[in-house]
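J.: These are the residues of each chain, in order.
Protein chains: 2
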Amino acid sequence: MPTSRPRTILASAAAIALAAGAASADIAEYMDFFEPLPALPPIPADNSLTPEKIELGKMLFFEPRISASGVISCATCHNPALGWADRIPRATGHDGQVGERNTPTVLNSGFLEAQFWDGREPDLEGQALGPIEAEIEMNMTLEEAIARLNEFEIYREHFAAAFPDDPDPINPQNVAHAIASFERTLNTPNSPLDRFLVGDVQAMTDQQVEGMKLFVDAGCVACHNGPALTDSNFHRFELPGSTDEGRFVVTGDEADMFAFRTPTLRNVAVTYPYFNNGSVAELHEAVQLMGQQMLGQDFEEDELDALVAFMHALTGDMPKIEIPALP
Amino acid sequence: MPTSRPRTILASAAAIALAAGAASADIAEYMDFFEPLPALPPIPADNSLTPEKIELGKMLFFEPRISASGVISCATCHNPALGWADRIPRATGHDGQVGERNTPTVLNSGFLEAQFWDGREPDLEGQALGPIEAEIEMNMTLEEAIARLNEFEIYREHFAAAFPDDPDPINPQNVAHAIASFERTLNTPNSPLDRFLVGDVQAMTDQQVEGMKLFVDAGCVACHNGPALTDSNFHRFELPGSTDEGRFVVTGDEADMFAFRTPTLRNVAVTYPYFNNGSVAELHEAVQLMGQQMLGQDFEEDELDALVAFMHALTGDMPKIEIPALP
Numbered sequence: 100m101p102t103s104r105p106r107t108i109l110a111s112a113a114a115i116a117l118a119a120g121a122a123s124a125d126i127a128e129y130m131d132f133f134e135p136l137p138a139l140p141p142i143p144a145d146n147s148l149t150p151e152k153i154e155l156g157k158m159l160f161f162e163p164r165i166s167a168s169g170v171i172s173c174a175t176c177h178n179p180a181l182g183w184a185d186r187i188p189r190a191t192g193h194d195g196q197v198g199e200r201n202t203p204t205v206l207n208s209g210f211l212e213a214q215f216w217d218g219r220e221p222d223l224e225g226q227a228l229g230p231i232e233a234e235i236e237m238n239m240t241l242e243e244a245i246a247r248l249n250e251f252e253i254y255r256e257h258f259a260a261a262f263p264d265d266p267d268p269i270n271p272q273n274v275a276h277a278i279a280s281f282e283r284t285l286n287t288p289n290s291p292l293d294r295f296l297v298g299d300v301q302a303m304t305d306q307q308v309e310g311m312k313l314f315v316d317a318g319c320v321a322c323h324n325g326p327a328l329t330d331s332n333f334h335r336f337e338l339p340g341s342t343d344e345g346r347f348v349v350t351g352d353e354a355d356m357f358a359f360r361t362p363t364l365r366n367v368a369v370t371y372p373y374f375n376n377g378s379v380a381e382l383h384e385a386v387q388l389m390g391q392q393m394l395g396q397d398f399e400e401d402e403l404d405a406l407v408a409f410m411h412a413l414t415g416d417m418p419k420i421e422i423p424a425l426p
Numbered sequence: 100m101p102t103s104r105p106r107t108i109l110a111s112a113a114a115i116a117l118a119a120g121a122a123s124a125d126i127a128e129y130m131d132f133f134e135p136l137p138a139l140p141p142i143p144a145d146n147s148l149t150p151e152k153i154e155l156g157k158m159l160f161f162e163p164r165i166s167a168s169g170v171i172s173c174a175t176c177h178n179p180a181l182g183w184a185d186r187i188p189r190a191t192g193h194d195g196q197v198g199e200r201n202t203p204t205v206l207n208s209g210f211l212e213a214q215f216w217d218g219r220e221p222d223l224e225g226q227a228l229g230p231i232e233a234e235i236e237m238n239m240t241l242e243e244a245i246a247r248l249n250e251f252e253i254y255r256e257h258f259a260a261a262f263p264d265d266p267d268p269i270n271p272q273n274v275a276h277a278i279a280s281f282e283r284t285l286n287t288p289n290s291p292l293d294r295f296l297v298g299d300v301q302a303m304t305d306q307q308v309e310g311m312k313l314f315v316d317a318g319c320v321a322c323h324n325g326p327a328l329t330d331s332n333f334h335r336f337e338l339p340g341s342t343d344e345g346r347f348v349v350t351g352d353e354a355d356m357f358a359f360r361t362p363t364l365r366n367v368a369v370t371y372p373y374f375n376n377g378s379v380a381e382l383h384e385a386v387q388l389m390g391q392q393m394l395g396q397d398f399e400e401d402e403l404d405a406l407v408a409f410m411h412a413l414t415g416d417m418p419k420i421e422i423p424a425l426p
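Line by line, the protein sequences are chains A and S. To convert a position in the first sequence, counted from 1, into the working numbering, add 99. To convert a position in the second sequence, counted from 1, into the working numbering, add 99.
Honestly, I wouldn't trust all of these hints.
[To be verified] Computed, partial: chain S to chain A, Cβ under 8 Å: (1) D185; (2) T191; (3) G198.
Keep in mind the hints are simulated off the structure, nothing from the lab. Predicted model, so just to flag it, every value in this text is computed and none were measured. We put the beta carbon where it would ideally sit given N, CA and C, even for glycine.
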């Protein structure tokens with residue numbers, strides 16, 4: 100009967116809508132575990148984010164003359180060409196000395212609530228001066244660094260503009276505040292996951308969606324959550340071959356032995372190699388090891404592939420930074 | 100008489116025009132010694148300049164993994180933030196080793212007809228591989244560098260695109276050709292001198308114009324001429340404290356003892372410190388020393404000031420380079 104056809108079509112449409120609704124509800128539950136990267140991380144009350152500080156911070160980030168050799172800057176290890184890290188196992192600094200730990204990326208680091216692998220500083224302001232003074236990194240006292248910056252008229256102008264209420268603005272605290280301000284702008288929005296979360300269902304492949312579900316179901320999301328996919332907390336992890344005592348070095352608390360801060364997973368595909376000593380080069384192996392150590396689970400090959408595919412969905416737009424002309 | 104006024108005005112105008120004409124003729128004679136920077140330097144017949152080579156060359160220029168430490172790239176010493184040089188006396192390379200000579204800027208280096216302080220290579224293709232292999236610079240054999248590049252799918256694609264007729268495109272010659280191609284784009288047009296030469300008479304200050312005249316009259320222009328203000332030739336220069344034998348090391352010819360290639364004066368104000376060992380930090384002192392050594396002339400203070408002012412008129416627009424994302 101001709102009259103039945105519209106009804107059949109309507110019924111089919113309803114069935115499809117119902118099925119789609121069920122699938123959406125299913126995926127929506129998983130999506131609830133994630134959040135798109137905000138445009139900016141939280142800004143501390145005592146370091147408002149201003150264009151003047153960002154500009155000055157950018158200059159300081161690229162400034163090698165606050166290192167003893169005159170050739171090492173923040174950008175040497177946190178290299179913008181290499182995911183704002185260095186893609187070597189352990190950081191190489193002053194006179195070619197090799198440190199104990201892998202360089203973490205600066206990208207999205209404003210979203211982290213603990214800085215350094217051992218969380219010995221709570222924020223970017225606290226982190227910024229460490230590598231300048233470290234003997235195996237830039238190897239310069241802050242006193243010397245301040246004296247060098249003071250030699251340049253252009254730095255005197257920029258510090259005065261960035262800290263207008265400070266009668267003597269070239270000082271370590273302001274160096275830290277300016278660098279931290281610049282770093283808070285180094286975020287990577289629009290990853291496939293971010294686009295997926297705001298409704299672009301084509302932004303992730305089916306395999307990446309499978310990886311996302313497994314990431315939740317297997318329990319990875321217990322530690323890797325929040326906008327930067329880290330809880331900024333410390334978890335014991337015994338990396339084969341590593342003797343690094345991790346968080347214990349900071350707290351002296353036995354419970355912190357071999358504990359490291361959960362790293363962000365944003366841009367994990369372009370911030371290899373992995374773990375505190377950078378000893379694992381491949382993401383596939385890193386995910387496998389995490390499953391074994393943290394979840395007591397040996398993922399199947401297809402599961403590993405899906406999880407790695409999902410990791411690739413966490414690579415966002417790199418900040419477009421023009422190298423500043425220094426004085 | 101009222102009727103005389105127009106004539107007086109006309110006469111005055113004519114006098115002014117005459118005076119201006121005379122002055123212009125005068126300045127025009129000086130201007131003949133200089134030429135605005137062309138958009139591009141000469142391109143060698145065997146290395147055509149293509150967008151693919153420029154892009155690949157940029158990646159290689161910023162690539163630290165063709166160094167033994169994994170942290171030193173061309174851009175370490177030829178730092179875009181520091182006038183594409185390093186602003187330290189002598190280059191610091193692998194394991195903090197300090198070389199014998201000051202890092203020359205890459206800016207406008209395509210206009211030079213001899214590369215390195217001693218001119219041991221005639222062109223940028225010849226220059227490009229030297230620092231990779233030098234033990235005190237990047238300290239990597241070309242064989243190893245090629246092997247490392249070959250590991251990356253993205254490099255394999257870029258080399259194939261840049262050298263489509265080459266069945267095995269990742270090789271030392273192509274690395275050199277790509278880097279040289281990128282470097283030929285690193286030019287600095289629109290300096291005050293360039294704008295002055297094309298008719299913008301306000302582009303240089305009166306003092307800079309005085310400096311330009313003195314630069315010609317005193318004879319500086321005998322060696323510092325052509326688009327990059329260098330004859331690309333070798334001249335004996337005994338820098339106090341330097342034992343560097345210069346060009347003699349290359350030729351073994353006694354006439355070349357202590358001879359160095361005339362450096363470009365373009366961007367000289369932002370490519371301090373000066374001379375083969377970078378021992379002179381101030382432009383004022385550098386000009387004074389040049390006057391004494393090369394021209395047997397002790398410039399007066401006001402002459403030095405004018406010459407230094409003219410040097411500042413040689414700073415052009417820096418290339419706008421976005422740091423490439425490396426694989």
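J.: All hints, please: hold or fail.
T.: Status of the hints after comparison with the structure:
no., hint, verdict
1, D185, "6 Å, holds"
2, T191, "5 Å, holds"
3, G198, "12 Å, violated"
Checked against the numbered hints given earlier, the structure breaks only hint 3 and satisfies all the rest.
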